[in-house]
Structures are given as C-alpha cells and as structure tokens.
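The opening position of the sequence shown corresponds to residue 42 in this note's numbering, with each subsequent residue numbered one higher.
Hints are computed from structural coordinates only; laboratory data are not their basis. Honestly, I wouldn't trust all of these hints.
Stated by the list, open to error - Simulated crosslink set (EDC-like; lysine to aspartate or glutamate; CA at most 16 Å straight-line): (1) Lys407 / Glu223; (2) Lys289 / Glu95; (3) Lys115 / Asp394; (4) Lys214 / Asp367; (5) Lys182 / Glu170; (6) Lys104 / Asp126; (7) Lys191 / Glu177; (8) Lys214 / Glu95; (9) Lys104 / Glu130; (10) Lys190 / Glu223; (11) Lys109 / Asp129; (12) Lys104 / Glu119; (13) Lys191 / Asp126; (14) Lys363 / Glu223; (15) Lys363 / Glu226; (16) Lys153 / Glu119; (17) Lys153 / Glu130; (18) Lys289 / Glu170; (19) Lys191 / Asp166; (20) Lys153 / Glu173; (21) Lys153 / Asp166; (22) Lys153 / Glu168; (23) Lys188 / Glu168; (24) Lys191 / Glu95; (25) Lys407 / Glu226; (26) Lys109 / Glu130; (27) Lys109 / Asp166; (28) Lys190 / Glu168; (29) Lys191 / Glu119.
Stated by the list, open to error - Quick list of the computed label-pair ranges, beta carbon to beta carbon: (30) Gly322 / Lys407: 56 to 64 Å; (31) Tyr449 / Val172: 35 to 43 Å; (32) Phe222 / Ser408: 16 to 24 Å; (33) Lys407 / Phe222: 15 to 23 Å; (34) Arg443 / Gly470: 23 to 31 Å; (35) Ser328 / Lys214: 28 to 36 Å; (36) Gln127 / Lys225: 25 to 33 Å; (37) Ser408 / His318: 51 to 59 Å; (38) Lys109 / Leu413: 41 to 49 Å.
Ideal placement from N, C-alpha and C gives every residue a C-beta, glycine not left out.
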Amino acid sequence: MGLFATLKEIRGGYPGGWKKYSHGKVSHRATPPFAQPTDPDDRRTNIPGDGLKEYWYPALPAKDVGWKRPVAIKIVNEEIVFFRDQNDEVKALWDYCPHRGVYLSWGQCFFKGFLTCPYHGATFDGEGECVEFLTEGPDSKMVGAVKAKKYPTITLKGMVFVWMGEGEPVDPKEDIPSEMFEGKETAVFSTFRYWDCNWMIALENTHDAHNAFLVHRNAIRVMFSSRGDMGGRPRTPLGYRSRLINNKMAMTEFDNGAVGAYYAEKNGGKMPYKMYHPRVGGYWPLSSWRLSWVWFFRLIDRSSTSRNRSRPSPAMTQKDDKMTDDWQFGGMRLPGMQRLSTFTRWCVPVDKDMTRVVYISFGRAKSRLGRLWVAIKFKGYQQFLSHFNFSDQDYNAMRSTRWQYPEYLSATDSHLVAERRLVAQHARGVKHAVEVNELTTAERRVIEGHERQGVSRDDDYGIIAETETNGKEASEPEKVQEAAPTGDGND
42 MGLFATLKEI RGGYPGGWKK YSHGKVSHRA TPPFAQPTDP DDRRTNIPGD
92 GLKEYWYPAL PAKDVGWKRP VAIKIVNEEI VFFRDQNDEV KALWDYCPHR
142 GVYLSWGQCF FKGFLTCPYH GATFDGEGEC VEFLTEGPDS KMVGAVKAKK
192 YPTITLKGMV FVWMGEGEPV DPKEDIPSEM FEGKETAVFS TFRYWDCNWM
242 IALENTHDAH NAFLVHRNAI RVMFSSRGDM GGRPRTPLGY RSRLINNKMA
292 MTEFDNGAVG AYYAEKNGGK MPYKMYHPRV GGYWPLSSWR LSWVWFFRLI
342 DRSSTSRNRS RPSPAMTQKD DKMTDDWQFG GMRLPGMQRL STFTRWCVPV
392 DKDMTRVVYI SFGRAKSRLG RLWVAIKFKG YQQFLSHFNF SDQDYNAMRS
442 TRWQYPEYLS ATDSHLVAER RLVAQHARGV KHAVEVNELT TAERRVIEGH
492 ERQGVSRDDD YGIIAETETN GKEASEPEKV QEAAPTGDGN D
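Work out the full structure: start from the sequences and follow the hints.
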C-alpha cells in the first residue's frame with residue numbers, strides 16, 4: 042500500500058462533506074438489504090430487526106430544535122417530530138396528523154410553543170392536544186376532539202432522549218448513562234452518524250475481539266498503542282471474557298487492569314509484532330513499518346505506552362465513585378450501546394437497514410478552565426480518533442454483512458454469543474415468534490473451541506467463562522511448530 046493510499050485510509054472518507062457527515066446529515070452508500078434468519082437453530086431469529094422499542098433513546102441535540110421549524114427523525118422505524126413547547130422544552134409527537142395523515146414535520150410553528158399541520162391547520166401543543174383548527178376558525182369542533190400521539194422526552198446535558206415504548210416509560214436512569222445525570226463538573230460531548238446497516242450488525246462490531254488486528258491496523262489509536270497491546274495481533278484466539286450483569290449488560294471482564302484482556306496470557310508480556318503463517322508461507326502483518334509510529338508516539342506521549350497497563354481507565358477496571366453500580370465498567374448494555382471507559386457508542390435503530398450511531402463522551406473537571414480543556418481535547422483530536430478514524434474503519438468492513446445466512450463462529454466470538462443471548466432473552470418487549478434451540482449450532486462451536494483450550498460455558502446464559510483444568514489454570518493454545526523463515530515481507 043502506497044503512502045498516499047495509507048494516509049487516505051487513516052483519514053477516512055466523509056461523503057457529503059465533513060460538516061454534514063459529522064452532524065449525521067449524510068449516510069454512506071447503500072448496502073445489502075437486511076434480512077433476518079427464521080431458523081430455530083439461530084439465536085438471531087428472536088432479535089427484532091427494527092430494534093427494541095421499550096427503551097429510552099438519544100434523539101438529537103436540543104440546540105438543533107428551534108422555535109419556528111420542527112425536526113423529523115425516525116427511531117425504531119417510527120417517525121417522530123420534535124418541536125419546542127411554551128416552556129421552551131423539546132417535545133415529541135408521532136409525525137402524523139390524526140386529521141388526514143399528513144406529516145406534521147412539513148408544518149411550522151406559527152405560534153410560539155405550538156405545531157401547525159401544513160394541510161388544514163390543526164395546531165397541537167406539546168402534549169399532542171389539538172388546541173386550534175385554523176381552517177375552521179376558533180369555534181371548530183375539532184379542538185379537543187383530535188389528539189396526536191405523544192412520546193415522552195427528557196433533556197439531559199443538552200441531549201434530547203425519547204421513550205419509544207408503548208407502555209409507561211421506565212425511570213430514565215435505567216436506560217441512560219449515569220454521567221448524563223451528574224452535575225456541572227461533568228462535561229458531555231456527542232457525535233451523530235448514520236450507518237447503512239442494521240443496528241445489530243453495528244452493535245456486534247463494538248466488542249469484536251479480533252478485528253482490531255486487521256481492520257484497525259492503520260488506525261491512529263492502534264499505532265498509539267504499545268507493542269504487545271494492540272500492535273498487530275491478538276494475544277490468543279479465545280476472545281473476550283463476558284459476564285451478564287442484572288440482565289442488562291454483557292460486561293467485558295479485564296485481567297490485571299489491562300484494557301482488552303483475553304482468556305489466556307494473564308501475565309501479558311511482549312508479543313512478537315509479526316507472526317509466521319505457515320499455510321500461506323508468510324508473515325502478518327506484512328511489514329513492521331507501523332512500529333515506527335509506536336516508537337514516535339512514545340517520544341511525544343510516554344503515558345500512551347506500556348505504562349498504561351498499570352494505570353487503567355477507572356471506568357473500565359476500577360469502581361467509579363460517581364457512577365451508579367449498574368453503569369460501572371465496560372461492555373455491551375441494552376438497548377444497544379457499547380460502554381468503554383468515558384466513551385459510549387450507542388447504536389440507535391432508524392429502521393432495519395439503517396442505524397444512527399450516537400457517540401457520547403464525557404470528562405470531569407472542577408473548574409471552568411478545566412472543562413474548557415476537556416472540550417478542547419475532545420474537539421481537537423479525541424472526536425476524530427474515535428468517532429471518525431477508528432469507527433469508519435469498522436463501518437467499511439462490516440457494512441456488507443449478510444445477517445440472514447448461517448454462520449460458522451470461532452472461539453473468538455464468545456462475547457457475540459453473550460450479546461445475542463442478552464438481547465434475545467432479556468430485552469424488554471421482545472416477542473419470540475420462533476422457539477429457538479437452547480443451544481444453537483453456532484454457539485456450540487464457540488463452546489467447543491473453548492473447551493479445547495480448557496474453558497467451559499456458564500450453564501445459565503451460555504456465556505464463556507474460564508475454568509480450571511486439573512487444578513491448574515487454562516493452558517495457552519498450542520503454537521504452530523513449523524520453523525518460520527527469517528525476513529520481512531512488504532505491504
């Protein structure tokens with residue numbers, strides 16, 4: 042790969058321009074239409090393609106909703122219109138006029154705090170009540186007789202959240218990250234993107250245990266990492282450990298405070314950057330030029346190297362005193378978010394073929410100057426590194442996934458098993474049209490792969506957990522014995 046091609050890949054592409062794309066106004070080009078399995082031997086059969094409706098979801102920044110024009114957004118395949126009421130609060134209605142079915146979002150807020158339908162002038166307040174019907178005058182019998190469907194909303198840290206369920210909304214603290222409820226010392230930043238793929242395809246990528254060593258080999262975050270951490274190859278072929286927390290979260294467990302710990306090699310240690318693959322007669326990665334970036338970044342930021350292992354992010358491996366217990370540590374949490382340190386990637390379903398990816402990052406600072414510095418770091422480089430450079434590589438790799446076909450999972454896909462079981466068996470409002478096998482063929486392959494390495498599954502949830510073999514720790518996988526020739530390959 043040439044220098045310019047590599048730089049282009051690192052930068053990422055922004056169709057429609059950086060500003061529109063970064064604000065979630067433009068999506069990528071089309072991908073294969075989503076289809077769902079119907080096989081009782083496939084856990085995905087019981088996962089709703091349009092998303093989970095009985096939850097709170099992030100909708101949009103409150104600043105995007107003005108006084109005059111409503112804003113339309115689709116969430117879990119339902120069309121919603123947002124506008125401001127008389128109290129300057131953002132409210133949400135079904136984007137459908139109950140009179141003749143016209144889009145309310147095509148109308149205007151002629152009167153401050155009220156939304157008027159563009160067809161016959163039905164005018165609604167924030168509760169969905171028809172308070173005037175302009176084409177029939179102030180004595181219209183439609184007033185009080187017509188009501189638009191309302192969706193409960195709450196605005197936190199400048200972000201509007203909406204309840205998409207049919208029943209009474211649960212306490213927002215059940216579904217919304219706890220940092221959104223903290224005081225002014227906590228600064229929260231968000232980025233909105235559209236991905237042309239199903240929400241579960243996007244979600245399953247968030248804790249993929251082995252794509253970092255191929256898909257992200259040119260990511261700046263990876264090249265920032267030290268040589269045995271994310272420097273080019275996984276530590277083992279066994280994937281992340283997972284543990285179910287309160288039927289709400291598949292937590293990714295970590296060893297010895299090391300971010301990204303895997304099943305074996307608890308003690309870490311230096312790993313060879315390049316490994317020989319005898320059946321193709323070559324090394325991967327093909328060359329070692331990326332190590333020059335690692336060494337360069339060590340010079341400008343020594344804390345980004347191996348010393349990080351002894352100073353793990355507190356939200357990942359240590360209890361954060363400001364967070365509630367339900368939101369501690371990292372992992373996949375219902376209804377569709379990845380929790381990772383001070384970072385959340387929330388996969389919000391638009392419909393079965395599109396996902397609105399909402400990134401929520403936060404930082405704490407006691408002083409106004411400290412909060413300004415947190416904002417500068419986020420806008421200056423953190424947003425680009427995580428939300429654009431790194432995540433665009435995920436999207437470009439996974440967007441062609443055909444979810445409806447049978448899979449042959451490997452032992453590394455253990456966290457995938459945990460995530461799917463969590464959604465299919467414990468999410469609110471999920472209805473099972475098909476009775477799926479207690480243990481599917483794909484899940485059995487993951488378990489068998491682990492048993493060959495001395496691990497077994499938890500009987501309750503089918504989540505992979507390490508066990509002891511004959512009183513000893515699970516052993517490392519056998520290494521290929523073929524002699525590896527010397528010499529480097531070239532990209």
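We went through each hint and held it up to the structure:
1. For the proposed pair Lys407 and Glu223, the alpha carbon gap of about 12 Å is at most 16 Å, so the pair holds.
2. Under the criterion of a C-alpha separation no larger than 16 Å, the hint pairing Lys289 with Glu95 is consistent with the structure, at around 13 Å.
3. A C-alpha spacing of about 12 Å is found between Lys115 and Asp394, which places the hinted pair at or below 16 Å, so the restraint holds.
4. Proposed proximity of Lys214 and Asp367 is supported: the alpha carbons are some 10 Å apart, at most 16 Å.
5. For the hint linking Lys182 to Glu170, the alpha-carbon distance of about 13 Å falls within 16 Å, and the restraint holds.
6. Between the alpha carbons of Lys104 and Asp126 the distance comes to roughly 14 Å, so the proposed pair stays at or under 16 Å and holds.
7. For the suggested pair Lys191 and Glu177, the alpha carbons sit about 24 Å apart, so the restraint of at most 16 Å is broken.
8. Under the criterion of a C-alpha separation no larger than 16 Å, the hint pairing Lys214 with Glu95 is consistent with the structure, at around 14 Å.
9. Restraint check for Lys104 and Glu130: satisfied, since their Cα atoms lie roughly 11 Å apart, inside the 16 Å limit.
10. Proximity of Lys190 to Glu223 is assessed by CA-CA distance (about 31 Å); at most 16 Å being required, the pair is judged violated.
11. Distance restraint check for Lys109 and Asp129: the Cα-Cα separation of roughly 12 Å lies within the 16 Å cut-off, and the hinted pair is therefore satisfied.
12. Of the supplied pair hints, the one linking Lys104 and Glu119 is violated, its CA atoms being roughly 22 Å apart against a limit of 16 Å.
13. The suggested pairing of Lys191 with Asp126 holds, with an alpha-carbon distance near 13 Å, which does not exceed 16 Å.
14. Distance check on the hinted pair: Lys363 and Glu223 sit about 8 Å apart at the alpha-carbon level, within 16 Å; holds.
15. Note on Lys363 and Glu226: the hinted pairing holds, with a Cα-Cα distance of about 11 Å set against a maximum of 16 Å.
16. A distance of roughly 26 Å separates the Cα atoms of Lys153 and Glu119; the hinted pair therefore is violated under the 16 Å criterion.
17. Proximity of Lys153 to Glu130 is assessed by CA-CA distance (about 12 Å); at most 16 Å being required, the pair is judged to hold.
18. For the hint linking Lys289 to Glu170, the alpha-carbon distance of about 36 Å lies beyond 16 Å, and the restraint is violated.
19. Between the alpha carbons of Lys191 and Asp166 the distance comes to roughly 10 Å, so the proposed pair stays at or under 16 Å and holds.
20. Of the pairs offered as hints, the one joining Lys153 and Glu173 holds, with about 13 Å between alpha carbons and a cut-off of 16 Å not exceeded.
21. As the CA atoms of Lys153 and Asp166 are separated by approximately 10 Å, the hinted pair is consistent with the 16 Å bound.
22. Only pairs whose Cα atoms come within 16 Å are accepted, and Lys153 paired with Glu168 is accepted, the gap being roughly 15 Å.
23. Of the pairs offered as hints, the one joining Lys188 and Glu168 holds, with about 9 Å between alpha carbons and a cut-off of 16 Å not exceeded.
24. Annotation: proposed proximity of Lys191 to Glu95 holds, straight-line Cα distance about 15 Å (limit 16 Å).
25. Of the pairs offered as hints, the one joining Lys407 and Glu226 holds, with about 5 Å between alpha carbons and a cut-off of 16 Å not exceeded.
26. Between the alpha carbons of Lys109 and Glu130 the distance comes to roughly 14 Å, so the proposed pair stays at or under 16 Å and holds.
27. This hinted pair checks out: Lys109 and Asp166 have alpha carbons roughly 14 Å apart, not beyond 16 Å.
28. Using a Cα cut-off of 16 Å, the hinted pair Lys190 and Glu168 holds, with the two alpha carbons roughly 8 Å apart.
29. Restraint check for Lys191 and Glu119: the C-alpha separation of about 12 Å stays at or below 16 Å, so the hint holds.
30. The supplied range of 56 to 64 Å is met by Gly322 and Lys407, whose beta-carbon atoms lie about 58 Å from each other.
31. Range check, Tyr449 to Val172: about 59 Å between beta-carbon atoms, so the 35 to 43 Å window is missed.
32. For Phe222 and Ser408, the Cβ-Cβ distance of about 21 Å falls inside the hinted range of 16 to 24 Å, so the restraint holds.
33. Distance hint check for Lys407 and Phe222: the Cβ-Cβ separation is about 18 Å, which falls inside the suggested range of 15 to 23 Å.
34. Range check, Arg443 to Gly470: Cβ separation about 27 Å, and the 23 to 31 Å hint holds.
35. At roughly 50 Å, the beta-carbon separation of Ser328 and Lys214 lies outside the given 28 to 36 Å, and the hint is violated.
36. Here the CB-CB span from Gln127 to Lys225 is close to 26 Å, well matched to the stated 25 to 33 Å.
37. The beta-carbon spacing between Ser408 and His318, approximately 53 Å, falls within the hinted interval of 51 to 59 Å.
38. One distance hint, 41 to 49 Å for the beta-carbon pair Lys109 and Leu413, is violated here, with the actual separation near 32 Å.
In this structure, the earlier hints numbered 7, 10, 12, 16, 18, 31, 35 and 38 are contradicted, and the remaining ones agree with it.
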